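Residue numbers (the working numbering), protein chains in the order written: chain R, 2 to 408; chain W, 15 to 327; chain L, 22 to 181; chain A, 188 to 312.
These are computed hints drawn from the structure, not numbers from a lab. Treat the hints loosely; a few may be bogus.
In silico DMTMM-like cross-links for lysine to aspartate or glutamate, where the CA-CA straight-line distance does not exceed 20 Å [as the list claims (entries may be wrong)]: (1) R/K335 with R/E206; (2) A/K225 with A/D242; (3) R/K181 with R/E133; (4) L/K168 with R/E50; (5) A/K279 with A/D242; (6) A/K210 with R/E133; (7) L/K105 with L/E40; (8) W/K70 with R/E178; (9) R/K30 with W/D214; (10) L/K110 with L/E69; (11) A/K280 with R/D160; (12) L/K168 with R/E318; (13) R/K267 with R/E178; (14) L/K164 with R/E318; (15) R/K288 with A/D275; (16) A/K237 with R/E315; (17) W/K66 with W/D77; (18) R/K17 with W/E219; (19) W/K70 with R/E391; (20) A/K210 with R/D137; (21) R/K288 with R/E51; (22) A/K227 with A/E296; (23) A/K221 with R/D160; (24) A/K225 with R/D137; (25) L/K167 with R/E51; (26) A/K241 with R/E133; (27) A/K227 with A/E259; (28) L/K168 with R/E51; (29) L/K35 with L/E62; (30) R/K404 with A/E259; (31) L/K164 with R/E50; (32) A/K266 with R/E51; (33) R/K335 with R/D207; (34) L/K74 with R/D207; (35) A/K221 with A/E287; (36) A/K221 with R/E164; (37) L/K105 with L/E69.
All values derive from a computational prediction rather than experimental measurement.
Each chain, written out:
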Amino acid sequence: MHKVIIPIGPQHPALKEPESFMVALSGEKITEFGVRLGYNHRGIEKACEERTYIQDVYLTERICGICSHAHSSAFVQAVEEIAGLAVPKRGLYIRTLIGELERVHSHLLWLGVAGHEIGFDTLLMYTWRDREIVMDLMALLTGNRVNYGINTIGGVRRDVSPEQIKEILKGVDALEERTKYYIEIASSETTVIERLSGVGILSHEDALRLGAVGPTGRASGIDRDTRRDDPYAAYGEIEFKVVTDNHNDVYGRTLVRLGELMESYKMIRQILKKMPDGPIAIKAPRKIPPGEAFSRYEAPRGENVHYVKANGTEKPERVKVRAPTLANIQTVAKMLEDRQLADLPIVIAAIDPCFSCTDRLIAVKDLETNKTNTLKWQDLHAYSIEWHREHGVDFSQLNKKLKGMLK
Amino acid sequence: MLAQLFYILIFPGLLFLSVFGLAAEFFDRKLYARLQNRVGPPWFQPLADFIKLVGKEDIIPDDANPNMFKLMPIFALTATATAFFYIPLWGMNAYFHFNGDVIVVLYLLTIPTLTFFLGGWYSRSLYSQIGAVRSLTQLFAYEVPLFMSILATALLADTWSLSEMALFYTVHPWYWVFNLIGLAIALITLLGKLEKVPFDIPEAETEIVAGTFTEYSGRLFGIFKIAIDVEAIVGASLLAAVFLPFGLTLHPALGFLLFIIKVLSIVAVLSVLRTIFARLRIDQMMIFCWKYLAPLAFLQLLISLILKGVLIR
Amino acid sequence: MTREEEIQDSLIKKFNFLENKIRVQRQKRIFAEVPSENFLEVFEYAVEDLGFKFICTITGLDEGSSLAFIYHITRQDGITLNLKITVPKEHPVIKTVMQFFPGADIYEREVMDLLGAKVEGLPAGKRYPLPDDWPAGQYPLRKDWKKPEKAKGKEETQNA
Amino acid sequence: MKRPGKMMSQVLRSIFKRPATTKYPFVKSGMPEKFRGKLKFYPERCIGCKLCMKDCPSNAINIKKVGEKQFECEIDLGKCIYCAQCVDSCMKKALESTREFELASLDREKLKVTFRGDDKQDPKK
Chain R
2 MHKVIIPIGP QHPALKEPES FMVALSGEKI TEFGVRLGYN HRGIEKACEE RTYIQDVYLT
62 ERICGICSHA HSSAFVQAVE EIAGLAVPKR GLYIRTLIGE LERVHSHLLW LGVAGHEIGF
122 DTLLMYTWRD REIVMDLMAL LTGNRVNYGI NTIGGVRRDV SPEQIKEILK GVDALEERTK
182 YYIEIASSET TVIERLSGVG ILSHEDALRL GAVGPTGRAS GIDRDTRRDD PYAAYGEIEF
242 KVVTDNHNDV YGRTLVRLGE LMESYKMIRQ ILKKMPDGPI AIKAPRKIPP GEAFSRYEAP
302 RGENVHYVKA NGTEKPERVK VRAPTLANIQ TVAKMLEDRQ LADLPIVIAA IDPCFSCTDR
362 LIAVKDLETN KTNTLKWQDL HAYSIEWHRE HGVDFSQLNK KLKGMLK
Chain W
15 MLAQLFYILI FPGLLFLSVF GLAAEFFDRK LYARLQNRVG PPWFQPLADF IKLVGKEDII
75 PDDANPNMFK LMPIFALTAT ATAFFYIPLW GMNAYFHFNG DVIVVLYLLT IPTLTFFLGG
135 WYSRSLYSQI GAVRSLTQLF AYEVPLFMSI LATALLADTW SLSEMALFYT VHPWYWVFNL
195 IGLAIALITL LGKLEKVPFD IPEAETEIVA GTFTEYSGRL FGIFKIAIDV EAIVGASLLA
255 AVFLPFGLTL HPALGFLLFI IKVLSIVAVL SVLRTIFARL RIDQMMIFCW KYLAPLAFLQ
315 LLISLILKGV LIR
Chain L
22 MTREEEIQDS LIKKFNFLEN KIRVQRQKRI FAEVPSENFL EVFEYAVEDL GFKFICTITG
82 LDEGSSLAFI YHITRQDGIT LNLKITVPKE HPVIKTVMQF FPGADIYERE VMDLLGAKVE
142 GLPAGKRYPL PDDWPAGQYP LRKDWKKPEK AKGKEETQNA
Chain A
188 MKRPGKMMSQ VLRSIFKRPA TTKYPFVKSG MPEKFRGKLK FYPERCIGCK LCMKDCPSNA
248 INIKKVGEKQ FECEIDLGKC IYCAQCVDSC MKKALESTRE FELASLDREK LKVTFRGDDK
308 QDPKK
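In isolation and in its complexed conformation, chain R is listed as follows:
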């Protein structure tokens, strides 16, 4: 077969977010691979400069849905450093607790997505079912399932009650048991191993050279974890081990993530045990004195860095965000060398890409909007009913009945 170039994205079932990959294929084999990022730009860095610090906490939280706590924590850490705020211990512990719960939910989500990418939908359904446990815990602790909104400058917004601690421990026990089961599945189910091992090889040298972060790097033997190397929040007081692996492939990345899940459960138990009493936040000034700070946070996907520069007003002078995916995306081309098209989804998924994080910058405003004809929902609805009626299908009576039923 001659060489064909197929587009994967910007809209494609393998990608949960719009991003464009051009793949040149010779038969089933990938010969060339190109990435075009930037489809998800929302102008967040610029928007941060136009909002107050307290508004920015929620804005940075919305850089990414899955690692929302990672971004807001990194941001408030930088601001707290500039303002010289000493956050109370209990606040730091709660921040760490939410961070670890978030890692659990993110890694379980990843496992499900990976299952889906290799056509193993049962794994997807099971992991996402179990992920509900941690999502419910989040809703219980913070008041929302995704954008937790627990961080504020100077601490956290909600305390953890003894009843909640009991709930968390119960949830963690259940999750630990399930995770053990998934480790067993991942390391013994033939079809899973066949699809994962030897796929997306990234050697230790390449990973170092291209700057892979997080589980992607750790599965290539890079022993680097911000939580240990540059402790923030309460990580300095908690014992944990950094999970690394030398498989260098997708299988290794799966094992690293599953291993990190087990570590996270241990850490959550420690946090709950060691959590001191006291206030959870101190009051932060509205105006932050001039200064700059560089904050690092180990998000579930890898190292997430924020740089904040303050100029003494209520609004920051500059906020710079580097999400882990941007550091990892460049390794994908290396991983896909001489692989098959069928490996592409899982290799891309294996870095746990989050393109919303990656592209956060500029509001892409369509300069031609004045010409576009925007159809409102009602118009579309009416049009479809009309179209069907013309073709002899009329559901209006049935619809009325159904509506009656719903009421």
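Given chain R, put chains W, L and A in place with the hints provided.
Relative to the frame of chain R, chains W, L and A by itself:
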């Protein structure tokens, strides 16, 4: 004449097949959902899907060959529905039978795959074409073990007619037990024929969107869907007739019930199988079929030949 | 002497123009201002001799009449060195660091697109992150950048 | 050790378990007590400091003076991101999160909710 029209259009022809096909699809989806600990769709979901598709606009890509594009779904449905007439459902006789109808049924069951190929190829979309090529590649992998395992049963019964095979297995009631390896092979290859996990490579959603069917919409897609449902029924009935030929002398009503149970249990086994595996890559699938299934099918052939030499004189 | 101070000392010993330009903000955070003409040699020394083998990102700043770029590099023990260079806005030329970090090209493309930096030695490639039809000379992260006039139409249709 | 069909036993056991999903619009699931849902406004407590307006990240809230020490609050549920920062910012506890979360609407206008002095909320228009 009228009776034949009734056979073709109503029972056991198109109407019965479509209804049973939709019912089996529901059964499959519901079971699949329950295996995954989900609630699953309501009973009318496949029908509602079909009605929705029929109500939608047919969009034919500019580059596609419109005649081939439109013809292929109809071909697929016709071929599978025709195959059904040669399979004895209950009792010993199919509606039409002659010596050699096994081959005709197998041939007719290959046609849908060919239509997937042609339909995808003439869509001129890259995803469709890759899917089309994959479905053809896959065909060469699973077809041989499937044919050989069915050939083994035919050898044992010493006939090329499905109805006569039914007669043979009624006379020698427990002989079907010797074909269990063949049944296992046939079940696995049927997954490939129906393009289900782990062999759903031609329509692997995360790689090539929907493969062959990427460009299909509306009525044409609806017909394809029905054709696939019917193919599942026909494939399952063929397996039931060839590998599970018992209870054929029962009263017609009971026999019909038994037939439904046989087909649904085969569908259920397929559902379970597609729940517990990940999708294979096309090269892995080829290796699996040629390295494991084909030798096993040979073993089955050997067993049949030995049995024939030793037991039946 | 802490490790941060050791790094500070060895940098000053090697490059005496860095005297009083280095600030240890807190544990594991060193900020340094480097003259842009000496940047590459300092950078090379930090990467090759001091072991800062990993680049976090490159931050671009608009400081009124000049543009500043901060290279955040870290090493295994978690110490982060933030090297800042300042270039005039009319002539914002920086040199690529791709010879040290092949993965840095995306960060350099980012400051090219958003702040209008000119990166010497960066191979041609796809732009990031702005769309391909973005007008030339529009650098949205500069402080004097204004939203294009027509863009207001979008908000109206959204609220319609 | 590789073994195909490792998940078989759990999968088959699932048939006899209660499904983890629910038929959503017919079976409602509750939210925890401290859920940050639709906001509720107590006009009698409001002193019109407008701190909530200032802190709102999405400019969804608007406090209007309608009379002597009387204020009404207009919240655009379409803009609101349900962070409940206004609840934290308010010194007089005039704002409160409720557990209501099914707020989808086909009409943007219906999402603009005004809380008046008589403690009745009604959609604008």
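Status of the hints after comparison with the structure:
no. : hint               : result
1   : R/K335 with R/E206 : holds, 12 Å
2   : A/K225 with A/D242 : holds, 17 Å
3   : R/K181 with R/E133 : holds, 17 Å
4   : L/K168 with R/E50  : holds, 14 Å
5   : A/K279 with A/D242 : holds, 15 Å
6   : A/K210 with R/E133 : holds, 16 Å
7   : L/K105 with L/E40  : holds, 14 Å
8   : W/K70 with R/E178  : violated, 47 Å
9   : R/K30 with W/D214  : holds, 19 Å
10  : L/K110 with L/E69  : violated, 30 Å
11  : A/K280 with R/D160 : holds, 18 Å
12  : L/K168 with R/E318 : holds, 18 Å
13  : R/K267 with R/E178 : holds, 13 Å
14  : L/K164 with R/E318 : holds, 10 Å
15  : R/K288 with A/D275 : holds, 18 Å
16  : A/K237 with R/E315 : holds, 17 Å
17  : W/K66 with W/D77   : violated, 26 Å
18  : R/K17 with W/E219  : holds, 13 Å
19  : W/K70 with R/E391  : holds, 12 Å
20  : A/K210 with R/D137 : holds, 18 Å
21  : R/K288 with R/E51  : holds, 14 Å
22  : A/K227 with A/E296 : holds, 18 Å
23  : A/K221 with R/D160 : holds, 11 Å
24  : A/K225 with R/D137 : holds, 19 Å
25  : L/K167 with R/E51  : holds, 13 Å
26  : A/K241 with R/E133 : violated, 35 Å
27  : A/K227 with A/E259 : holds, 12 Å
28  : L/K168 with R/E51  : holds, 13 Å
29  : L/K35 with L/E62   : holds, 10 Å
30  : R/K404 with A/E259 : violated, 34 Å
31  : L/K164 with R/E50  : holds, 10 Å
32  : A/K266 with R/E51  : holds, 17 Å
33  : R/K335 with R/D207 : holds, 8 Å
34  : L/K74 with R/D207  : holds, 13 Å
35  : A/K221 with A/E287 : holds, 11 Å
36  : A/K221 with R/E164 : holds, 14 Å
37  : L/K105 with L/E69  : holds, 18 Å
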